[in-house]
Amino acid sequence: MILLDRVTKTYGKTAKPAINRVSLHIEPKEFVILVGTSGAGKSTLLKLLTREEKPSSGKIVVGGIDYDSLKDKHIPLLRRKIGVVFQDFKLLPQRTVYENVAFALEIAGMTSREIKATVPKVIELVGLSGKEKSFPRQLSGGERQRVAIARAIVRQPKILIADEPTGNLDPLHSWDIVKLLEKINRYGTTVLLTTHNVEIVNKLKRRVITLEHGKITSDQVSGSYKQ
Amino acid sequence: MSRGGKVDARTFALKKRRRRQWLTFIRMCRYGVNNFSRNAWLTIAATAMMTLTLFVIMMTMMSRNILLDSVSEIRDRVDMSVYVQYDIDKEDVNTLKSNLESLDDVKRVTYVTPEVARSNYAEENRDNQRALDALNLADAKFPGTFRVNLADINNTSSLTKFTEENELYQEVKDEDRPPSFAGDKREAIETIGRWVSFAEKMGLLISIVLVTISSLIVFNTIRMAIFNRREEIEMMKLIGADKAFIRGPFIVEAVVYGFIAAIIATGLGILTLYLSGPKLEAYGIIVSNTLNSSIMYIGFVLPVMIVVGAVVGVISSLLATRKYLKI
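Protein sequence lines, in the order shown, are assigned to chains A and L. Under this note's numbering, think of the first position of the first sequence as 1, with each following residue one higher. Under this note's numbering, think of the first position of the second sequence as 1, with each following residue one higher.
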């Protein structure tokens with residue numbers, strides 16, 4: 001599902017690489033946790049996957065798409081196949097919960113009928129029924145993250161990338177969000193989660209990849225993490 | 001059979017694509033209008049700046065028009081005088097008049113007879129006893145006068161040539177009075193002419209400067225409005241919206257700013273002219289022509305203002321979003 005082959009990313013010509021010859025293979029339907037301290041290269045790795053950044057060298061293939069042959073004009077199409085959830089939610093502040101989720105389908109050109117049939121189901125899946133007309137500012141942090149997750153999965157992507165989704169949440173809401181990600185994974189979506197939260201990593205008992213100074217230092221099938 | 005099937009499939013795919021494009025267009029418009037109504041402060045700021053710009057554009061255009069009207073009024077009043085002997089034949093007057101009228105650049109020729117000139121002089125100096133006494137002297141004879149209005153008061157070459165070369169004129173000219181454009185008045189007339197053309201050029205320059213400055217202010221306001229929403233643009237990019245879909249609502253929003261601002265600015269412009277008209281006319285500034293034509297051609301003026309507003313808005317948002325739409 002995700003394949004990285006000796007990928008290096010250097011910002012500027014003389015700087016130390018943010019990602020240094022990283023090779024990685026993630027199978028379909030896997031739940032993988034990416035851990036590492038700040039500056040270890042997690043964000044760069046995710047940016048390479050969403051094609052916000054181009055690698056300095058190496059090969060990336062996601063969902064069968066080889067990034068080397070990907071033209072700029074096709075990047076939006078790639079991004080529609082990957083669901084992304086961010087630490088700061090990145091919701092549209094002027095739009096309601098329903099509109100935020102529907103937006104992901106509208107950009108793909110789906111009809112209003114299809115949108116009306118899909119969006120309420122996803123809102124229900126993330127546990128936000130009844131909040132469709134609320135604006136993001138009227139929701140708690142946990143609820144906002146649920147909206148972001150609903151938006152990320154409404155197009156039924158094969159891959160869901162969650163970049164520190166619990167970073168701004170209290171432990172109770174954090175665990176709720178993680179459980180939601182597990183539920184999505186059970187439906188068949190590959191989940192790549194980055195987190196600092198030791199408790200979550202150790203409780204989940206999933207594959208844990210540790211990044212340090214841009215390199216993978218450990219890759220455990222049922223791993224744990226110590227800060 | 002299979003060929004027919006292929007054609008059908010292609011038509012179906014084309015129809016589907018068109019439907020999607022139409023749907024996308026409708027959505028972009030809806031988002032644009034939503035953004036307009038949901039960002040109250042930004043909307044007010046951007047619409048106000050756009051109104052100001054369009055008002056400046058309209059007023060500079062109108063001022064230029066008013067200047068041209070006033071200038072042409074002044075020009076009409078400035079006439080060149082060609083003097084002939086007081087006892088000239090009527091036939092010679094007619095011949096000279098038609099000769100003058102046939103010259104290039106001559107707009108109008110009127111002949112003032114010595115009798116009329118005399119009574120005009122008496123009328124103008126009715127409070128001046130010494131001037132009236134002088135009129136009664138035996139040798140106080142007035143010449144016949146051709147008053148010549150030129151299309152361009154700076155260009156007196158054909159009239160000069162006429163006074164130098166026309167044979168009939170040489171016979172009947174008043175030896176004591178050279179044509180006024182060639183004498184003392186010439187410099188004054190040329191100075192007026194130079195000022196008029198300077199004022200026209202300056203007017204154009206000032207218009208360009210004002211329009212450029214106010215367009216830059218609008219651009220900056222829209223840029224700030226878009227800068228405030230850069231994270232939104234970032235997010236749209238990351239969930240797979242293409243550039244046109246991200247840009248579309250901003251463009252629609254700018255068109256709405258332009259539309260509303262055009263209506264307000266046009267109304268304000270006409271109201272300003274209407275209210276200031278009487279005072280300006282008292283100074284000899286001709287406002288009524290411009291005001292009347294603005295009202296008469298409102299069906300043309302308003303759409304032009306709307307188009308100008310929309311174009312300024314669209315260009316501003318295209319430039320402002322470009323920065324955030326890089327991959």
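These are computed hints drawn from the structure, not numbers from a lab. A portion of the hints provided could be inaccurate.
[As the list claims (entries may be wrong)] Short derived list, chain A residues pointing at chain L, Cβ under 7 Å:
| hint | residue |
| --- | --- |
| 1 | LEU3 |
| 2 | ARG79 |
| 3 | GLN94 |
| 4 | ILE115 |
| 5 | ALA117 |
[Said to hold, decoys possible] Simulated restraints, written as ranges between beta carbons of each label pair:
| hint | chain 1 | residue 1 | chain 2 | residue 2 | range |
| --- | --- | --- | --- | --- | --- |
| 6 | A | PRO93 | L | LYS323 | 17 to 23 Å |
| 7 | L | THR11 | A | SER38 | 40 to 46 Å |
| 8 | A | LYS16 | L | THR11 | 53 to 59 Å |
| 9 | L | PHE12 | A | GLY63 | 25 to 31 Å |
| 10 | L | LEU325 | A | SER112 | 39 to 45 Å |
| 11 | L | ILE263 | A | PRO93 | 27 to 33 Å |
| 12 | L | ARG18 | A | PRO93 | 29 to 35 Å |
| 13 | A | GLU182 | L | ARG18 | 49 to 55 Å |
[What the hints assert, rightly or not] With a cut-off of at most 25 Å between alpha-carbon atoms, the simulated DSS-like pairs for lysine-lysine come out as follows:
| hint | chain 1 | residue 1 | chain 2 | residue 2 |
| --- | --- | --- | --- | --- |
| 14 | L | LYS16 | A | LYS81 |
| 15 | L | LYS326 | A | LYS81 |
| 16 | A | LYS179 | A | LYS215 |
| 17 | A | LYS73 | L | LYS323 |
| 18 | L | LYS161 | A | LYS73 |
| 19 | A | LYS13 | L | LYS97 |
| 20 | A | LYS81 | L | LYS161 |
| 21 | A | LYS116 | L | LYS15 |
| 22 | L | LYS326 | A | LYS71 |
| 23 | A | LYS29 | A | LYS131 |
| 24 | A | LYS205 | L | LYS326 |
| 25 | L | LYS161 | A | LYS71 |
| 26 | L | LYS97 | A | LYS71 |
| 27 | A | LYS131 | A | LYS121 |
| 28 | A | LYS13 | L | LYS243 |
| 29 | A | LYS73 | L | LYS97 |
| 30 | A | LYS116 | L | LYS326 |
| 31 | L | LYS97 | L | LYS15 |
| 32 | L | LYS243 | L | LYS161 |
| 33 | L | LYS326 | L | LYS243 |
| 34 | L | LYS326 | A | LYS73 |
| 35 | L | LYS15 | A | LYS47 |
| 36 | L | LYS326 | A | LYS47 |
| 37 | A | LYS59 | L | LYS326 |
We put the CB at the ideal spot given by N, CA and C, even for glycine.
Quick rundown of the hints versus the structure:
1. LEU3: violated (21 Å)
2. ARG79: holds (4 Å)
3. GLN94: holds (4 Å)
4. ILE115: violated (10 Å)
5. ALA117: With Cβ-Cβ at 16 Å, over 7 Å, it is violated.
6. A:PRO93 / L:LYS323: 17 to 23 Å: holds (21 Å)
7. L:THR11 / A:SER38: 40 to 46 Å: About 56 Å separates the Cβ atoms of THR11 (chain L) and SER38 (chain A), which means 40 to 46 Å is violated.
8. A:LYS16 / L:THR11: 53 to 59 Å: Holds - the Cβ-Cβ distance for LYS16 (chain A) and THR11 (chain L), about 57 Å, lies within 53 to 59 Å.
9. L:PHE12 / A:GLY63: 25 to 31 Å: Between PHE12 (chain L) and GLY63 (chain A), where Cβ atoms are some 27 Å apart, the hint holds.
10. L:LEU325 / A:SER112: 39 to 45 Å: The hint (39 to 45 Å, Cβ to Cβ) is violated, given that LEU325 (chain L) and SER112 (chain A) are roughly 26 Å apart.
11. L:ILE263 / A:PRO93: 27 to 33 Å: Holds, since ILE263 (chain L) and PRO93 (chain A) (Cβ atoms, about 29 Å apart) stay within the stated range.
12. L:ARG18 / A:PRO93: 29 to 35 Å: For ARG18 (chain L) and PRO93 (chain A) the Cβ distance comes to about 33 Å; the hint holds.
13. A:GLU182 / L:ARG18: 49 to 55 Å: Given a distance of about 42 Å, which is not inside 49 to 55 Å, the answer is violated.
14. L:LYS16 / A:LYS81: holds (21 Å)
15. L:LYS326 / A:LYS81: holds (20 Å)
16. A:LYS179 / A:LYS215: The given pair, whose Cα atoms are some 29 Å apart, is violated under the 25 Å limit.
17. A:LYS73 / L:LYS323: Measuring from Cα to Cα gives roughly 17 Å; hence the hint holds.
18. L:LYS161 / A:LYS73: It is violated: about 72 Å lies between the C-alpha atoms, which goes past 25 Å.
19. A:LYS13 / L:LYS97: violated (87 Å)
20. A:LYS81 / L:LYS161: violated (85 Å)
21. A:LYS116 / L:LYS15: Satisfied, since the Cα-Cα distance of roughly 22 Å is no more than 25 Å.
22. L:LYS326 / A:LYS71: holds (13 Å)
23. A:LYS29 / A:LYS131: violated (30 Å)
24. A:LYS205 / L:LYS326: Distance of about 39 Å is beyond 25 Å: violated.
25. L:LYS161 / A:LYS71: Cα-Cα ~74 Å, so violated.
26. L:LYS97 / A:LYS71: Violated - the C-alpha atoms of LYS71 (chain A) and LYS97 (chain L) are around 79 Å apart, more than 25 Å.
27. A:LYS131 / A:LYS121: This hinted pair holds, its Cα atoms lying about 13 Å apart.
28. A:LYS13 / L:LYS243: violated (30 Å)
29. A:LYS73 / L:LYS97: violated (76 Å)
30. A:LYS116 / L:LYS326: With a Cα-Cα distance of about 32 Å, the restraint between LYS116 (chain A) and LYS326 (chain L) is violated, given a limit of 25 Å.
31. L:LYS97 / L:LYS15: Roughly 75 Å between the alpha carbons, so the hint for LYS97 (chain L) and LYS15 (chain L) is violated.
32. L:LYS243 / L:LYS161: Cα-Cα ~68 Å, so violated.
33. L:LYS326 / L:LYS243: With Cα atoms ~9 Å apart, LYS326 (chain L) and LYS243 (chain L) stay inside 25 Å; holds.
34. L:LYS326 / A:LYS73: Since the Cα atoms of LYS326 (chain L) and LYS73 (chain A) sit roughly 11 Å apart, the hinted pair holds (cutoff 25 Å).
35. L:LYS15 / A:LYS47: violated (36 Å)
36. L:LYS326 / A:LYS47: The hint holds at about 14 Å.
37. A:LYS59 / L:LYS326: holds (22 Å)
Of the numbered hints stated above, those contradicted by the structure are hints 1, 4, 5, 7, 10, 13, 16, 18, 19, 20, 23, 24, 25, 26, 28, 29, 30, 31, 32 and 35, listed in ascending order.
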